[in-house]
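Peer 1: Sequence:
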Amino acid sequence: MLEEMGFKEPTLPQQAALPKILEGKNILLISPAGTGKTEAAFLPALHLILTSPAREPGIKIVYITPLRALNRDLLDRLGRWCRELDLKVSVRHGDTATRERRLQALIPPDVIITTPETLQILLLGRRLRNYLRSVRMVIVDEVHELADNKRGAQLAVTLERLRNLKGGDFQVIGLSATIGAPEEVAKFLVGRDRNCEIVDVSVAREVRIGVLYPTAKKVDEKLAEELYTFPAVAARLRVMRELIERHGSTLVFTNTRATAEVLASRFHLWDVKFPIGVHHGSLSAFTRLRGERGLKQGELKGLICTSSMELGLDIGGVDLVIQYNSPRQATRLLQRVGRSGHRIGEVSKGIIVVQDPDDALESIVIAARSHEYQLEPVQVPEKPLDVLLHFLASILASQRSASVDEAYETVRRAYPFQNLDREELLAVLRFAQSLEKRLLWVSEDGREFSRPKSTQRLFDYYYSNLSMIPELKQYIVVDDQHNRPVGILDESFIAEYGEPGVKFVMGGELWRILQVFRDKVFVKPDRDPMGAIPTWIGEEIPVPFSVAQEVGRIRGRAEELLKSGRKFDEAVSELAAEYRADQETLKLALEDVREQVNTNLAVPTDRRLTVEKVKDICVINACFGTLVNRTLARVVAHRASEETGEATATTIDPYRILLRSRMLEPDDLVTLLRERLAEIQKDIRKVIEESRFFRWRLAQVARRMGVLEREAEITSSALEKLARALRGTPVFEETFKEVERKDLDLKKTLEVLERIKNNEIEVVSLGRLREPSPISKLAWMQRYLALEPVMPERTKLLAIASTKARLLSEARIFVCTDCKKYIRELQIHQLEEKPRCPLCGSTRLGMVEESEEEVRRAMELVERGRDVALWREIMESSKLISQFGKVAALGLAGRGLTPAAVREILAKEPRFTNQFLELVLKKERELLFRRYRWGG
122 MLEEMGFKEP TLPQQAALPK ILEGKNILLI SPAGTGKTEA AFLPALHLIL TSPAREPGIK
182 IVYITPLRAL NRDLLDRLGR WCRELDLKVS VRHGDTATRE RRLQALIPPD VIITTPETLQ
242 ILLLGRRLRN YLRSVRMVIV DEVHELADNK RGAQLAVTLE RLRNLKGGDF QVIGLSATIG
302 APEEVAKFLV GRDRNCEIVD VSVAREVRIG VLYPTAKKVD EKLAEELYTF PAVAARLRVM
362 RELIERHGST LVFTNTRATA EVLASRFHLW DVKFPIGVHH GSLSAFTRLR GERGLKQGEL
422 KGLICTSSME LGLDIGGVDL VIQYNSPRQA TRLLQRVGRS GHRIGEVSKG IIVVQDPDDA
482 LESIVIAARS HEYQLEPVQV PEKPLDVLLH FLASILASQR SASVDEAYET VRRAYPFQNL
542 DREELLAVLR FAQSLEKRLL WVSEDGREFS RPKSTQRLFD YYYSNLSMIP ELKQYIVVDD
602 QHNRPVGILD ESFIAEYGEP GVKFVMGGEL WRILQVFRDK VFVKPDRDPM GAIPTWIGEE
662 IPVPFSVAQE VGRIRGRAEE LLKSGRKFDE AVSELAAEYR ADQETLKLAL EDVREQVNTN
722 LAVPTDRRLT VEKVKDICVI NACFGTLVNR TLARVVAHRA SEETGEATAT TIDPYRILLR
782 SRMLEPDDLV TLLRERLAEI QKDIRKVIEE SRFFRWRLAQ VARRMGVLER EAEITSSALE
842 KLARALRGTP VFEETFKEVE RKDLDLKKTL EVLERIKNNE IEVVSLGRLR EPSPISKLAW
902 MQRYLALEPV MPERTKLLAI ASTKARLLSE ARIFVCTDCK KYIRELQIHQ LEEKPRCPLC
962 GSTRLGMVEE SEEEVRRAME LVERGRDVAL WREIMESSKL ISQFGKVAAL GLAGRGLTPA
1022 AVREILAKEP RFTNQFLELV LKKERELLFR RYRWGG
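For the sequence shown, the numbering used here assigns the number 122 to the initial residue and increments by one for each residue that follows.
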């Protein structure tokens, strides 16, 4: 059977892991994608079931995956084994059909594939709960996605609940492609006082990573005009296209969804037939599945994706991974590059395409760290109190009352809670009792806790907080002058920057915030780009302190070599050899350092801060990474504001802090950093508690701890009151911990300040300058340019051209509603002007964004006389396509456009013209506006 399934001999990870798993040991298996990790865990699990003396009914294996998409993938993969061995395997998550759930409750599967959230529900199910008593093994896939967050902490306590239910232990297998601090993750996986062996074959595959810094050529100037962009952007697109065309299949990773969409738009604007797709979490399941299948079957040459494709989806062989812009972390880069070189013994190939000197130096450092396998350590959250409260509620969801000591012993077995004090647990219980709508009762002696009289509140709280993934609210940006939608901003951006007067870039235009009211941000156009914030900043992955310091070290070494009389090319050559970097890329990356040295200005390095001022912007060049710079910026701005009486606005990147102030001078900041450390250190907690993002996190934690209803409207004044009311409570303390862990780095900031105090880091004033220093110039350009600059008059042309490319490249399932035999997936550019069914000649072709399987299922139900919404949608679209042809299909591919909306557009312009595209864009915005206005 193994040979039939394509397994002739075990892979290296399988050879290492199989004997240990068969011995019954808990293991953490670390191995690159495509090396057979899943089978390494699953085959011995099947052996365990088949060799059991009695085949009692019940679930024997729980397979936990962090993503529903992996559930689907695994069901196909594991289902083949189970069918051959006459075993039942089933998937269970939030979207599982009622019929399937009922079947699972009546006839339990041997293997259940689920998510951490759904496992909590299974533990409460009357029948499934009993079936879980027979669990022999738990497999946790992609464990690195869980270990460093509250979702993982919640899984850790859920597994302890499962052990209590079983009345004993089970074997645990963790799987991961790439992970920092494996010892910590192994402890997280199995809990306190249990053993877990680490089987690390992560270096079983050679990794080769290069960094490319494309520069514009003559050909790029012409391409830039066609794509309504700049030659430098066109050069990056050209280089990526050449790489994609030279390889069989390519994954292009971006750090944000917005960048993925922009790249896809540019490629399709360049050539609508270029076989490249997009894959990220905001897209429909149909689009994501089509991308995965297209790459696997060779229909697509490339897929532009975000972290959604880091995980083990079965997409077949990948020959090359391109990372667009710095990946910001070595762990992330190795996870992504590990998707290539799918056969054992092959090299995993990755290319980072960079856009500026910071990006290039950072990528060179990260590539070097990846080759040396220097990964960022995973930090398991310590005793998160919102997770603790949910755990306590879970006990009362299955029994009327419980012992505090027993709950305490159970939760302390979970690794994140090993250091929890009994008093901390009691404080959380008493807090839950003190709520206006109390969640539970605690006995006066603190020995027992029990359900309140009305259990509705308890169950509502429990089920609405199954997930610790924060629900990010979105705000619609409205042009106040024309009352039209401009776009969408995330709650995190509003939390940090949502003040009247703040300027940001969106859609190639500059906007100034007038006011934030409920779920809308009212703005007006602005002309002065000074201090403008790129809108994607809140979505970016933080650059670690260690990476930023290494970038500073390279700058320092370059300065040292140049000042010692070395020629620039010689200095570059020496550093390129040290970092295994391409000389031409490093030369471009260090050009601003050369300029800085030539102008006799001190270079900011890992051991030197420089401070300068141009106009009303002070720049502190600090190679401390995202979180330290963010912390330092808040504290310095707070102290400066107190001393000058002037509001000091800030923005940061991993290498700079920008402060806008008329009164501050560089020497003031030098004095502040060198001599006012005691005041700065004293201010830190106060500054954090008064910050907007603290209040934003406070609202999230308050929701997770039952203080706020999920749908509660959070206004600035409401947050003020909330902060005052919750001070001194577990909610407030948990918020501080979360901000300290996710948004800032207090510990490292205090270390930096101490090093400044001890003169280990010098602070140098460059004084007032007429124009920014070469190394600061980049930050100024970014304030101007943001993601991709477009002149206002070109914005409209770009929007029309991008919409045209997007609609033509969209794929849908087309169905003949007459003969019902023709069902085919097509990209809309493949349609004839008057589409006809190739089987019966009918013009009544309907289209839908669902899978072919779902369409066939709908047809079967219709034939049995059932009314099916999907079939009604197909019929409605077929009327439009029959009447107007291909242009109707293009309209129906618009985001959120209904047949009624498309009919309205076609009544005004029935041809595929710029006017038609403008009407589509306008209607998309209207529907977006309406959806947010009515909360739809």
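Some clues are possibly wrong.
Simulated restraints on C-beta separations [as the list claims (entries may be wrong)]:
no.: 1; residue 1: K1000; residue 2: D392; range: 55 to 61 Å
no.: 2; residue 1: E420; residue 2: S694; range: 40 to 46 Å
no.: 3; residue 1: Q520; residue 2: K209; range: 28 to 34 Å
no.: 4; residue 1: D542; residue 2: S694; range: 54 to 60 Å
no.: 5; residue 1: V468; residue 2: E841; range: 38 to 44 Å
no.: 6; residue 1: W391; residue 2: R223; range: 46 to 52 Å
no.: 7; residue 1: R568; residue 2: E493; range: 21 to 27 Å
no.: 8; residue 1: V468; residue 2: D542; range: 17 to 23 Å
no.: 9; residue 1: L410; residue 2: Q495; range: 33 to 39 Å
no.: 10; residue 1: S694; residue 2: E716; range: 55 to 61 Å
Mimicking PhoX-like on lysine-lysine, the simulated pairs with C-alpha atoms at most 25 Å apart in a straight line are [claimed, not checked]:
no.: 11; residue 1: K925; residue 2: K898
no.: 12; residue 1: K594; residue 2: K645
no.: 13; residue 1: K1007; residue 2: K394
no.: 14; residue 1: K898; residue 2: K684
no.: 15; residue 1: K925; residue 2: K941
no.: 16; residue 1: K558; residue 2: K624
no.: 17; residue 1: K422; residue 2: K1029
no.: 18; residue 1: K842; residue 2: K869
no.: 19; residue 1: K343; residue 2: K941
no.: 20; residue 1: K925; residue 2: K842
no.: 21; residue 1: K287; residue 2: K146
no.: 22; residue 1: K898; residue 2: K803
no.: 23; residue 1: K925; residue 2: K1007
no.: 24; residue 1: K955; residue 2: K941
no.: 25; residue 1: K708; residue 2: K338
no.: 26; residue 1: K917; residue 2: K803
no.: 27; residue 1: K878; residue 2: K868
no.: 28; residue 1: K842; residue 2: K868
no.: 29; residue 1: K942; residue 2: K1029
no.: 30; residue 1: K917; residue 2: K1000
no.: 31; residue 1: K803; residue 2: K925
no.: 32; residue 1: K868; residue 2: K858
no.: 33; residue 1: K394; residue 2: K917
no.: 34; residue 1: K641; residue 2: K878
no.: 35; residue 1: K624; residue 2: K641
The hints are simulated quantities; they were obtained by calculation from the structure and are not laboratory data.
Model, not experiment: these values are computed from the prediction.
For glycine and all other residues, C-beta sits at the position ideal for the given N, C-alpha and C.
Peer 1: Are any of the numbered hints broken by this structure? If so, which, sorted upward?
Peer 2: 1, 5, 7, 8, 10, 11, 15, 16, 17, 18, 19, 20, 22, 26, 28, 29, 30, 31, 34
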